[in-house]
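Please work from the sequences and hints to get the whole structure.
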Amino acid sequence: MRLALHSARNARRRDCGDERGQALVLVVLVFPVITLVLALVLAVASLESVKTRVADQVDQAATTAAYEVDQSTLTSGAQLSGSTEQVAREYLQRNLEAVSNLIEEDPSDIAATAEVYVSNAAGLNPITGLVDPGPSITIRARVSVQVPMLGLIGIHSVPITVIGWSELRH
Amino acid sequence: MVDPSPVAIIVVAGQSALRGIRKLFSRSITTAKSRSSRRRRKGLLGNQKGLATVEMILVMPFVVLPVLFSIFAFGRVYHTRIVTDAAAAAGSRVAAVEGGAAPDVYARIEQALSDGGIDPSRATITVTGGGGWGEPIDVVVQVNESVDIPYLASWEIPLKAEMITRSEVAP
Chain A
1 MRLALHSARN
11 ARRRDCGDER
21 GQALVLVVLV
31 FPVITLVLAL
41 VLAVASLESV
51 KTRVADQVDQ
61 AATTAAYEVD
71 QSTLTSGAQL
81 SGSTEQVARE
91 YLQRNLEAVS
101 NLIEEDPSDI
111 AATAEVYVSN
121 AAGLNPITGL
131 VDPGPSITIR
141 ARVSVQVPML
151 GLIGIHSVPI
161 TVIGWSELRH
Chain B
1 MVDPSPVAII
11 VVAGQSALRG
21 IRKLFSRSIT
31 TAKSRSSRRR
41 RKGLLGNQKG
51 LATVEMILVM
61 PFVVLPVLFS
71 IFAFGRVYHT
81 RIVTDAAAAA
91 GSRVAAVEGG
101 AAPDVYARIE
111 QALSDGGIDP
121 SRATITVTGG
131 GGWGEPIDVV
141 VQVNESVDIP
151 YLASWEIPLK
161 AEMITRSEVA
171 P
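As they're listed, the protein sequences go chains A and B.
Oh and the first sequence: position 60 is 60 in the working numbering, straight run, nothing missing.
Oh and the second sequence: position 164 is 164 in the working numbering, straight run, nothing missing.
Calculated from the structure, these hints are not laboratory results.
Some hints here could point you the wrong way.
Simulated coverage check for chain B against chain A, where a stretch passes if three residues somewhere in it have a Cβ under 8 Å from a Cβ of chain A [what the hints assert, rightly or not]:
| # | segment |
| --- | --- |
| 1 | 68-81 |
| 2 | 90-101 |
| 3 | 157-170 |
Computed list of chain A residues with no C-beta within reach of chain B, every gap over 10 Å [to be verified]:
| # | residue |
| --- | --- |
| 4 | Val27 |
| 5 | Val87 |
| 6 | Glu105 |
| 7 | Asp109 |
| 8 | Pro148 |
| 9 | Met149 |
| 10 | Ile163 |
In silico SDA-like cross-links for lysine to any residue, where the CA-CA straight-line distance does not exceed 25 Å [as the list claims (entries may be wrong)]:
| # | chain 1 | residue 1 | chain 2 | residue 2 |
| --- | --- | --- | --- | --- |
| 11 | B | Lys49 | A | Val25 |
| 12 | A | Lys51 | B | Ile125 |
| 13 | B | Lys49 | A | Val27 |
| 14 | B | Lys160 | A | Val147 |
| 15 | B | Lys160 | B | Gln111 |
| 16 | A | Lys51 | B | Pro158 |
| 17 | A | Lys51 | B | Gln142 |
In this text, all values refer to a predicted model and were calculated from it rather than measured experimentally.
Just so you know, even glycine gets a beta-carbon here, dropped at the ideal spot from N, CA and C.
Listed below in structure tokens is the structure:
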């Protein structure tokens with residue numbers, strides 16, 4: 001008897017379009033999803049922002065090192081000295097220290113392990129995979145960027161690779 | 001045929017009138033009952049007339065507008081960030097060529113900020129170091145970006161860009 005009454009009440013609710021409890025379902029299910037999506041969007045944007053900044057610092061190191069080149073060696077087309085690479089690493093470290101609060105590793109470790117390619121002639125660049133029009137310096141650094149917002153899904157840092165390039169002019 | 005007496009006529013008429021009145025009252029009572037039950041049913045099922053308006057009034061200023069303002073504010077902060085970085089990079093290049101904190105360095109940074117739509121008077125520019133060949137030069141540009149989100153908060157975000165280069169000028 002009770003079962004019959006219960007099912008009749010349910011049927012009436014269905015017929016009348018009972019929408020009670022829908023708001024609760026929306027709040028409980030949809031709100032966390034929207035919050036997570038919003039956090040993800042902000043995290044990706046912040047990651048892009050940090051990547052741009054780190055890339056600027058690597059570019060700055062490449063440009064600074066480009067002026068270390070000995071002009072007579074550059075003109076002669078001979079192999080460039082290792083001091084260019086040394087300056088590139090030194091200024092990569094100095095510039096990364098300016099954004100050290102955004103990266104996981106120590107700037108000196110990043111600078112020590114970065115790939116630096118100095119060329120005194122036009123040709124295929126092994127780092128970029130492109131053909132350089134003339135003498136150039138290229139730095140490739142691997143940096144782990146802190147992304148606090150992605151901590152919600154268990155990701156605390158994202159590894160990125162940035163390349164800085166500068167032309168060496170006579 | 002017996003003529004009905006006046007008393008009988010009055011009695012019959014009275015009975016008929018009573019029946020009519022009873023019928024009339026019973027109908028109105030039924031109508032009132034059914035109206036009240038309909039209202040009760042509506043109350044139980046939730047009368048939703050005007051609910052959308054109330055929801056709109058609550059949701060628009062307290063949810064939609066802050067979200068829209070947040071998106072706008074985030075975009076503006078991101079734009080300022082990019083312009084500040086670019087200004088610091090441009091300034092450091094001039095600083096390297098000039099050998100340190102020359103007026104041209106400040107002018108170049110202010111120009112870069114102005115080109116990016118940021119008032120240079122809002123920026124704090126610091127150039128230190130330099131001098132001899134190969135000496136490091138530190139260029140720092142800081143712009144405080146204010147963020148105002150209605151019903152949420154209003155605060156200032158310091159955006160600092162720092163570039164380190166070396167002097168290319170012989171003493």
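Hints and how they fare:
1. Counting residues of the segment 68-81 of chain B whose CB lies closer than 8 Å to any CB of chain A gives 3, which reaches the minimum of 3, so the coverage claim holds.
2. With 3 residues carrying a beta carbon less than 8 Å from a beta carbon of chain A, the segment 90-101 of chain B meets the three-residue requirement, and the given coverage holds.
3. Coverage of the segment 157-170 of chain B by chain A holds. Counting CB-CB distances below 8 Å, 7 residues qualify, and the rule asks for three or more.
4. Its beta-carbon lying about 12 Å from the closest one in chain B, valine 27 of chain A satisfies the requirement of being farther than 10 Å from that chain.
5. Not every beta carbon of chain B lies more than 10 Å from that of valine 87 of chain A, the smallest distance being close to 8 Å; the non-interface claim is violated.
6. Distance to chain B confirms glutamate 105 of chain A as a non-interface residue, since its nearest Cβ pair spans about 18 Å, more than 10 Å.
7. Consistency note on aspartate 109 of chain A: stated as away from chain B, and its beta-carbon is indeed over 10 Å from all of that chain's, at 18 Å minimum.
8. No Cβ of chain B comes within 10 Å of the Cβ of proline 148 of chain A; the nearest lies about 15 Å off, and the non-interface call holds.
9. Against chain B, the non-interface label of methionine 149 of chain A holds: every CB pair exceeds 10 Å, the least being about 12 Å.
10. Every C-beta of chain B lies more than 10 Å from that of isoleucine 163 of chain A, the closest at about 16 Å, which supports listing it as non-interface.
11. Note on lysine 49 of chain B and valine 25 of chain A: the hinted pairing holds, with a Cα-Cα distance of about 21 Å set against a maximum of 25 Å.
12. Pair hint lysine 51 of chain A plus isoleucine 125 of chain B holds up; C-alpha atoms about 23 Å apart against a cutoff of 25 Å.
13. In summary, the hint linking lysine 49 of chain B to valine 27 of chain A is supported, as the alpha carbons are separated by about 22 Å, within the 25 Å threshold.
14. Between lysine 160 of chain B and valine 147 of chain A the CA atoms are separated by roughly 18 Å; this keeps the pair inside 25 Å, and the hint holds.
15. Restraint check for lysine 160 of chain B and glutamine 111 of chain B: the C-alpha separation of about 17 Å stays at or below 25 Å, so the hint holds.
16. For the proposed pair lysine 51 of chain A and proline 158 of chain B, the alpha carbon gap of about 19 Å is at most 25 Å, so the pair holds.
17. For the suggested pair lysine 51 of chain A and glutamine 142 of chain B, the alpha carbons sit about 19 Å apart, so the restraint of at most 25 Å is met.
In summary, the structure is inconsistent with hint 5 from the numbered list given earlier, while agreeing with all the others.
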